[in-house]
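Please put together the full structure from these sequences, using the hints given.
So in our numbering, the last spot in the sequence shown is 1550, and the numbers never skip.
No wet-lab data here; the hints were simulated from the structure.
There may be inaccurate statements among the hints.
Pairwise CB distance ranges (calculated) [what the hints assert, rightly or not]:
| no. | residue 1 | residue 2 | range |
| --- | --- | --- | --- |
| 1 | 1493 | 1352 | 38 to 48 Å |
| 2 | 1538 | 1433 | 43 to 53 Å |
| 3 | 1417 | 1319 | 15 to 25 Å |
| 4 | 1510 | 1435 | 44 to 54 Å |
| 5 | 1526 | 1416 | 24 to 34 Å |
| 6 | 1342 | 1394 | 15 to 25 Å |
In silico EDC-like pairs for lysine to aspartate or glutamate, Cα to Cα no more than 16 Å straight-line [said to hold, decoys possible]:
| no. | residue 1 | residue 2 |
| --- | --- | --- |
| 7 | 1539 | 1500 |
| 8 | 1412 | 1317 |
| 9 | 1412 | 1316 |
| 10 | 1412 | 1503 |
| 11 | 1412 | 1319 |
| 12 | 1539 | 1517 |
| 13 | 1412 | 1394 |
Using N, Cα and C, we set each Cβ at its ideal position, and we do this for glycine too.
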Amino acid sequence: MTVLPPGCPLIPTLVVDDDHEVAGIHTGFLLAHGAFDVVGAAHTGARALELADELRPRLVLLDIHLPDMTGIDVLRALRNRPGEPLDVIAITAARELDTVRAAVAGGVLHYLVKPFNAAVLNQRLDHYVAYRRELDTHAVDGSAALDQGRIDQLLRTTAGAGAGGAPSGPVTVATPKGLSAPTLDAVMLDLRGHGRGTSASDVADRLGMARVSARRYLEFLVSRGQARIVPQYGSAGRPEKFYVWTDGGRAG
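And the structure:
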């Protein structure tokens, strides 16, 4: 976990989620991290925009599915507001290609697909803290212009790349026709969270998708060497495919 230097102010953060319980969970994650100050929580898009103007957070954790408008609408409104631009991390169950493209075009720093575990969120928060530290370091330098090297460093930090330039989190890979990259990311995150392996049926249940679809994504990961199949025998003596994350395709 990235730790702020002594005396460094906490990062004021606004949590936006239509589910009050989920917003509370995200707030708990942020407070437990230690680098963030949750200044407010909103459960509608209109309230999110009000609090953004009132509280002036630096970071917004933004859900896409809101009751009065989409998170994309909120994102665009935030981008058009006067004053210092704020940073946005999308945390949502929305996996549609058009939604992801709109979020990326709107400048989200990360797009995190539910469900995920605490380690995944903490990793993204660590990346963000490192990014803010890079910005603050440059501001202290007093130089108005960034050279190419500093720009590249900022972009690497935002994406969570390590010293060698390789991303430290799950990597979205090129997908064949019929498979979506956001759904693939969700399957990868789910598989990574079940170290002893999981069946296609269980993945489908957790992610709310059809079993045949879950199997297609899992078989694609097997073809890339990012997963392997381990037969498991049930009470009837018939083997069932269990998929285990291997990460073998990351280098390719």
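Margin query: For residue 1539 and residue 1517, compute the direct alpha-carbon distance and say whether it is at most 16 Å.
Written below: holds, 10 Å
Notebook entry, point to check: Does residue 1412 pair with residue 1394 here, judged by a C-alpha cut-off of 16 Å?
Noted result: holds, 13 Å
Next item on the list: For residue 1493 and residue 1352, compare the CB-CB distance with the range 38 to 48 Å and indicate the outcome.
Entry: Between residue 1493 and residue 1352, where Cβ atoms are some 44 Å apart, the hint holds.
Check: If you draw a straight line from the CA of residue 1412 to the CA of residue 1319, is it 16 Å or shorter?
Finding: holds, 14 Å
Next item on the list: Would you mind confirming whether the straight-line C-alpha gap from residue 1412 to residue 1317 stays at or under 16 Å?
Entry: Given that 16 Å is the threshold and the Cα spacing comes to 13 Å, the pair holds.
Item checked: Supplied distance hint 44 to 54 Å, evaluated on CB atoms of residue 1510 and residue 1435 -> Taking Cβ atoms as reference, residue 1510 and residue 1435 lie about 50 Å apart, which means the hint holds.
Next item on the list: Determine whether the Cβ-Cβ distance between residue 1417 and residue 1319 falls within the hinted range of 15 to 25 Å.
Entry: holds, 21 Å
Note to self: A range of 43 to 53 Å was offered for this pair. Does it hold for the Cβ distance of residue 1538 and residue 1433?
What the structure shows: holds, 50 Å
Item checked: 16 Å limit on alpha-carbon distance, applied to hinted pair residue 1412 and residue 1503 -> holds, 13 Å
Note to self: Holds or violated: the 24 to 34 Å window for the beta-carbon distance between residue 1526 and residue 1416?
What the structure shows: holds, 26 Å
Margin query: Tell me if the straight-line CA distance from residue 1412 to residue 1316 falls inside 16 Å.
Written below: holds, 14 Å
Item checked: Supplied distance hint 15 to 25 Å, evaluated on CB atoms of residue 1342 and residue 1394 -> holds, 21 Å
Consistency note: the structure conflicts with none of the earlier hints.
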